[in-house]
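Protein chains in written order, with our numbering: chain P, 1 to 612; chain L, 1001 to 1612.
Because the hints were derived from the structure by calculation, they are not lab data. For clarity, every value in this text was computed on a predicted model and none was experimentally measured. Incorrect hints may appear among the rest.
With a straight-line cut-off of 30 Å between C-alpha atoms, the simulated DSS-like cross-links for lysine-lysine are [what the hints assert, rightly or not]:
hint, chain 1, residue 1, chain 2, residue 2
1, P, Lys102, L, Lys1093
2, L, Lys1292, L, Lys1246
3, P, Lys598, L, Lys1102
4, P, Lys56, P, Lys81
5, L, Lys1081, L, Lys1093
6, P, Lys284, P, Lys297
7, L, Lys1072, L, Lys1017
8, P, Lys102, L, Lys1598
9, L, Lys1123, P, Lys519
10, P, Lys102, L, Lys1422
11, L, Lys1606, P, Lys595
12, P, Lys246, L, Lys1102
13, P, Lys491, L, Lys1606
14, L, Lys1462, P, Lys246
15, L, Lys1260, L, Lys1136
16, P, Lys81, P, Lys17
17, L, Lys1093, L, Lys1123
18, P, Lys102, L, Lys1606
19, L, Lys1292, P, Lys135
20, P, Lys123, L, Lys1056
21, L, Lys1017, P, Lys246
22, P, Lys404, P, Lys292
23, L, Lys1422, L, Lys1297
24, L, Lys1606, P, Lys598
25, P, Lys246, P, Lys598
26, P, Lys606, L, Lys1072
27, P, Lys462, L, Lys1081
28, L, Lys1350, L, Lys1260
29, P, Lys17, L, Lys1246
30, L, Lys1102, P, Lys519
31, L, Lys1135, P, Lys606
32, L, Lys1598, P, Lys246
33, P, Lys297, P, Lys246
34, P, Lys598, L, Lys1595
Reference listing, derived: stretches of chain P covered by chain L, where coverage requires no fewer than 3 residues with Cβ under 8 Å from a Cβ of chain L [claimed, not checked]:
hint, region
35, 32 to 38
36, 199 to 205
37, 257 to 266
38, 428 to 441
Just so you know, even glycine gets a beta-carbon here, dropped at the ideal spot from N, CA and C.
Here are the chains, one letter per residue:
Protein chains: 2
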Amino acid sequence: MYRTHTCGELSLANINKQVTLAGWIQTVRKFGSITFVDLRDRYGITQLLFGEELNKQLDETALGREFVLQVKGIVSERTNKNPNLSTGDIEIKVSSFSVLNKSVTPPFTIQDDTDGGDDLRMKFRYLDLRRNAVKKNMELRYAVNRAARNYLHENNFMDIETPFLIKSTPEGARDFVVPSRMNSGQFYALPQSPQTFKQLLMVSGYDRYYQVVKCFRDEDLRADRQPEFTQIDCEMSFVEQEDILKMFEGMIRHIFLSVKNINYTDKIDVMTWEDAMWNYGNDKPDIRFGMKIANLKTAFKKDGIQARGELINDAGFAVFDNAETVVAIAVPGAAAYSRKQLDELTDWVKRPQIGMQGLVNIRYNIDGTYKSSVDKFYNEEKLKQIAAFCHANPGDLILILAGKEEKTRKAMSELRLELGEKLGFRKNNEFKLLWVVDFPLFEYSEEDNRWVARHHPFTSPKPAHIEVMINNDPVIHNAAEYLKHPYADIKANAYDMVLNGNEIGGGSIRIFQRDLQEKMFTALGMSQEEALHKFGFLLGAFEYGAPPHGGIAFGFDRLCAILGGSESIRDFIAFPKNNSGRDVMLDAPSTIDDKQLKELSISIDKKSPATN
Amino acid sequence: MYRTHTCGELSLANINKQVTLAGWIQTVRKFGSITFVDLRDRYGITQLLFGEELNKQLDETALGREFVLQVKGIVSERTNKNPNLSTGDIEIKVSSFSVLNKSVTPPFTIQDDTDGGDDLRMKFRYLDLRRNAVKKNMELRYAVNRAARNYLHENNFMDIETPFLIKSTPEGARDFVVPSRMNSGQFYALPQSPQTFKQLLMVSGYDRYYQVVKCFRDEDLRADRQPEFTQIDCEMSFVEQEDILKMFEGMIRHIFLSVKNINYTDKIDVMTWEDAMWNYGNDKPDIRFGMKIANLKTAFKKDGIQARGELINDAGFAVFDNAETVVAIAVPGAAAYSRKQLDELTDWVKRPQIGMQGLVNIRYNIDGTYKSSVDKFYNEEKLKQIAAFCHANPGDLILILAGKEEKTRKAMSELRLELGEKLGFRKNNEFKLLWVVDFPLFEYSEEDNRWVARHHPFTSPKPAHIEVMINNDPVIHNAAEYLKHPYADIKANAYDMVLNGNEIGGGSIRIFQRDLQEKMFTALGMSQEEALHKFGFLLGAFEYGAPPHGGIAFGFDRLCAILGGSESIRDFIAFPKNNSGRDVMLDAPSTIDDKQLKELSISIDKKSPATN
């Protein structure tokens, strides 16, 4: 061993002890005839004191930033204590030292606030990982991993490894594929998730399964997506939805307690998908703050609360009168926004990413008066009614968007989040959990005029809706009226866990009967032959006594990022890829040898894929 | 929840309790008007008693093997207790039941001794996994995983995930590659191990890393190899060989204690590679039994103990006189082997897999007399000397092989293991650990007339041999005399952990200086350009203060198999592949859509790879 102690453990309790330390040189400071060095390792920083007697050797052996140094010496009390360091009471009076390895000057400083840009940090990721800020993220990730495993173990879950070289069954996302040398012309696929395997394990009777496992999706990478990502993947037998919610509420509470020392005792609300869309315009609402959407006029939500069309209709304001949907939010204390601020918000909703035509405002002044951009259509009494409907208080600013249902709702959701951010309502260190349930089982694909699975093809309908699915033909005869098809109303036995406006986990109760699973494949436009080719093993397994089962998968990278108070998952992955799916440190992907291609019996098409 | 209890937990303590159970029907037995059902789940088996009052319902609802059944009833004391079952004191008096799912007749019986052949069991692996024998293996695997993680966690190791989509740098084994859609004509590779990443993590200062991680090698599969396999992968900084041996002895002892309840307190011997080859003909000796090889005449082992050529030379027996190597073993108590048994052994060594010309024997009879197949060349006095040199006792059979060094030594090693097996010396429930150290750093490749790395290119020479490596040109000018090249004597700072004759782990102290690493790449015939293309990131990292470091990787599948008393790793993998690399359950690999190929810009070569 090159050391007797780490750089993070010595204190006054070790005074006069002879020790050996090894680590990296953080700083070198020369004061006259003595030299101070801060020596760093994973555990901390310890100050070294080189006395006059070592000057000759120091002159011969230059010490530089990031050199790897081994020193022997005596632990001594510091005159100038540093209360910010765990080792700040002591220093090592060095008796001898040796440089274990040198370092050229790093391309950026190894400090919390580094001068390295993103590209440079990724190219030299091994140096970036030395920075305390990144190290803290890796430690948090490990702590979450460990906490999840411990909780699941305590609850009788078993880690069972599922294969990585599987069969390509593209549904929705693209598979990464792996040419097989031994089976020429054939390919493995890398798993998008262990979904079918964990279901087979339930058929096998394993009851409670988990895995912290890499998954792969060959998608065009939006910001903050990675081609390989990690899931905490779980499945249980003999359970209903409530059992799963309870089990995994327990897991997330355990993670909060053991990783963040937060005793999250609040009840975790269960919100239907319809309520989430109605009140937040979004299926993963950030409930750290209010500003719920008021539905002044809308086509959405057939049952339950109705929109108050009479509040705004027939006032002669064509924008509202002709709109499919009119939605509003009350922004606390923003009635005093300047003209300029309002113009900025209008510009913001007009950006192509949001794409609205304009933004109507009503100032509900602190003195109780109203002032609106649509004064000439709505008198004070009307404005008052609208404000009341929006639950606005004096001093609030009411913002209104109008247009097509889906787009307008989405735009209002974005505006709400933007304002929540601006007003400081979205605090990194505040955490609010939520379940969203009762998603639609199907979504309509205009392109193919058929149903697609909203979650995945293995999700069960709500028990009450199974008959609807079995007894109706999935074919959509009238595309314009697809909403009237019985399948449009089928709800899934599915659930998402939402944390601070992010979906951190999602799952469902699964189909476990062959006939229902076959009906599902048919509903998704799969021929019987195709279903057998792709999923014959699963359909077969369902014939041998498949138990009722369900599960959930947590997005581990995202969970870590949110717990770490960050929006970027890349900061929580040791060796991430960039937005083109490249590892710039390795310079991968890259070309391979002709010999390799030949062995795999494949050729590269010369024409560019863009022209295909 | 579909149950209040599992099928493994009820006992007399629960008498008269109302319970709900769910599980699979193991057996149905009808006795007159009552019916007994054994209900099985992951946790055990519970007997159900269906009384007369349920007969009508039972007649309407046939119960069959592997049906999924839910029952409500009262826990009652059994009259006929079964001491072999944890639940054997009780049964459930069923009040109501429902069939949750049916089962067709399974293709083989779900029992310890199944009637299913290997192919059938693999095709229906989800049923095979239901068998208690296989379930026990999966549970053992999880227990080993958990024990290793706990030990490493307690010792400050951190689980850090390394990427799966990396760069192809084939060295020795073939990479599996993954075509990149977004970077047309380029490929990722799947990692053969996280070797370079764990070294980078040491450069990053993470100090103690571990991962239980899938690795991939595209090799022609010998029996009991898998294209994807799992390693317990570890790396440490600021350590020397002794530190690593100590740390991982601790891990294996912890695994023995917590998984097998075996307190393995024996000292774990450290044997040099030369001694292993000399005494066992093998670099992973099974030391559960003796029968060490006696080197009667050999060219091997320049230093240390010398062979006694004088024992057998110049007796006029050309087979021995002309042989490069003559080796013997004394087989305890086998002097009484019949002519037929000896002939069988001779046939065994003549098989093409062993390939020897013949087998010489000396019976050292229980009465002290000698009888040998080479009596006419060696008188009793000579035979006595040979027997003494072999440490033979009266009643032993001495077996002698002669021929070319490497082949003969290997053959004797095989013969020793075969006889050890036959004589019952290789007990599944006895465990003997061993370290083998001081391997040669290089092996000679006759094909390329150059050096290849015995372990891998990142292994450091022994400290005393670094100068030899740096100061000598690796080029072999005289192929016939490669053994005289200074590189032939360089020993690696490497170590293998051997359990019952299997290498369960291997590792090394790594090179951590750029110049030595470059010299290594040169020695392996890599041009500077190629080295930079493949490993530029690592050479770069070594310039920024790389610490001394080393590590080890355990073959997790094999370790589990040996602890489970099996020779087959497939029995310890939930979803293994067959010897052609196929998953017969999924039917993977398989063809993929033309659309997928087109998106990846690759084509399949029509000509068979065999003709290339």
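Structure-based check of all given hints:
Taking the CA atoms of Lys102 of chain P and Lys1093 of chain L, the gap is about 77 Å. The hint is violated against a cut of 30 Å. Of the supplied pair hints, the one linking Lys1292 of chain L and Lys1246 of chain L holds, its CA atoms being roughly 27 Å apart against a limit of 30 Å. Proximity of Lys598 of chain P to Lys1102 of chain L is assessed by CA-CA distance (about 49 Å); at most 30 Å being required, the pair is judged violated. This hinted pair checks out: Lys56 of chain P and Lys81 of chain P have alpha carbons roughly 28 Å apart, not beyond 30 Å.
Straight-line distance between C-alpha atoms of Lys1081 of chain L and Lys1093 of chain L comes to about 15 Å, which keeps the hinted pair within the 30 Å bound. Under the criterion of a C-alpha separation no larger than 30 Å, the hint pairing Lys284 of chain P with Lys297 of chain P is consistent with the structure, at around 22 Å. Restraint check for Lys1072 of chain L and Lys1017 of chain L: the C-alpha separation of about 11 Å stays at or below 30 Å, so the hint holds. With a C-alpha separation of about 49 Å, the suggested pairing of Lys102 of chain P with Lys1598 of chain L is violated against the 30 Å cut-off.
In summary, the hint linking Lys1123 of chain L to Lys519 of chain P is supported, as the alpha carbons are separated by about 25 Å, within the 30 Å threshold. Between Lys102 of chain P and Lys1422 of chain L the CA atoms are separated by roughly 58 Å; this puts the pair beyond 30 Å, and the hint is violated. Restraint check for Lys1606 of chain L and Lys595 of chain P: satisfied, since their Cα atoms lie roughly 16 Å apart, inside the 30 Å limit. Restraint check for Lys246 of chain P and Lys1102 of chain L: the C-alpha separation of about 29 Å stays at or below 30 Å, so the hint holds.
Among the hinted pairs, Lys491 of chain P with Lys1606 of chain L is inconsistent with the structure: their alpha-carbon atoms are about 48 Å apart, more than 30 Å. Straight-line distance between C-alpha atoms of Lys1462 of chain L and Lys246 of chain P comes to about 56 Å, which puts the hinted pair past the 30 Å bound. Simply put, Lys1260 of chain L and Lys1136 of chain L have alpha-carbon atoms about 12 Å apart, close enough for the 30 Å limit, and the pair holds. Between the alpha carbons of Lys81 of chain P and Lys17 of chain P the distance comes to roughly 18 Å, so the proposed pair stays at or under 30 Å and holds.
A distance of roughly 38 Å separates the Cα atoms of Lys1093 of chain L and Lys1123 of chain L; the hinted pair therefore is violated under the 30 Å criterion. This hinted pair does not check out: Lys102 of chain P and Lys1606 of chain L have alpha carbons roughly 54 Å apart, beyond 30 Å. Taken as a hint, the Lys1292 of chain L and Lys135 of chain P pair is broken in the structure, with Cα atoms around 51 Å apart against an allowance of 30 Å. For a cut-off of 30 Å, the pair hint linking Lys123 of chain P to Lys1056 of chain L is broken: about 74 Å separates their Cα positions.
Distance hint between Lys1017 of chain L and Lys246 of chain P is fulfilled; the C-alpha atoms sit about 25 Å from each other, no more than 30 Å. Note on Lys404 of chain P and Lys292 of chain P: the hinted pairing holds, with a Cα-Cα distance of about 19 Å set against a maximum of 30 Å. With a C-alpha separation of about 27 Å, the suggested pair Lys1422 of chain L and Lys1297 of chain L falls inside the 30 Å cut-off, and the hint holds. Taken as a hint, the Lys1606 of chain L and Lys598 of chain P pair is honoured in the structure, with Cα atoms around 11 Å apart against an allowance of 30 Å.
Restraint check: the Cα-Cα separation between Lys246 of chain P and Lys598 of chain P comes to about 53 Å, which exceeds 30 Å; the hinted pair is violated. For the hint pairing Lys606 of chain P with Lys1072 of chain L, the CA-to-CA distance comes to about 67 Å; that exceeds 30 Å, so the pair is violated. For the hint pairing Lys462 of chain P with Lys1081 of chain L, the CA-to-CA distance comes to about 43 Å; that exceeds 30 Å, so the pair is violated. Simply put, Lys1350 of chain L and Lys1260 of chain L have alpha-carbon atoms about 40 Å apart, too far for the 30 Å limit, and the pair is violated.
Straight-line distance between C-alpha atoms of Lys17 of chain P and Lys1246 of chain L comes to about 25 Å, which keeps the hinted pair within the 30 Å bound. Restraint check: the Cα-Cα separation between Lys1102 of chain L and Lys519 of chain P comes to about 18 Å, which is no more than 30 Å; the hinted pair holds. Restraint check for Lys1135 of chain L and Lys606 of chain P: the C-alpha separation of about 50 Å exceeds 30 Å, so the hint is violated. Proximity of Lys1598 of chain L to Lys246 of chain P is assessed by CA-CA distance (about 46 Å); at most 30 Å being required, the pair is judged violated.
About 37 Å separates the Cα atoms of Lys297 of chain P and Lys246 of chain P, which puts this hinted pair outside 30 Å; it is violated. For the given pair, Lys598 of chain P sits about 22 Å from Lys1595 of chain L by alpha-carbon distance, which is consistent with the 30 Å threshold. With 0 residues carrying a beta carbon less than 8 Å from a beta carbon of chain L, the region 32 to 38 of chain P misses the three-residue requirement, and the given coverage is violated. Remark: the region 199 to 205 of chain P is confirmed as covered by chain L, as 5 of its residues place a Cβ nearer than 8 Å to a Cβ of that chain, reaching the required three.
Here's how the region 257 to 266 of chain P fares: 0 of its residues keep a CB closer than 8 Å to some CB of chain L, so the rule of at least three is not met and the hint is violated. Restraint check on the region 428 to 441 of chain P versus chain L: 0 residues with Cβ-Cβ distances below 8 Å, three needed, restraint violated.
Hints 1, 3, 8, 10, 13, 14, 17, 18, 19, 20, 25, 26, 27, 28, 31, 32, 33, 35, 37 and 38 from the earlier list are contradicted by this structure; the remaining hints agree with it.
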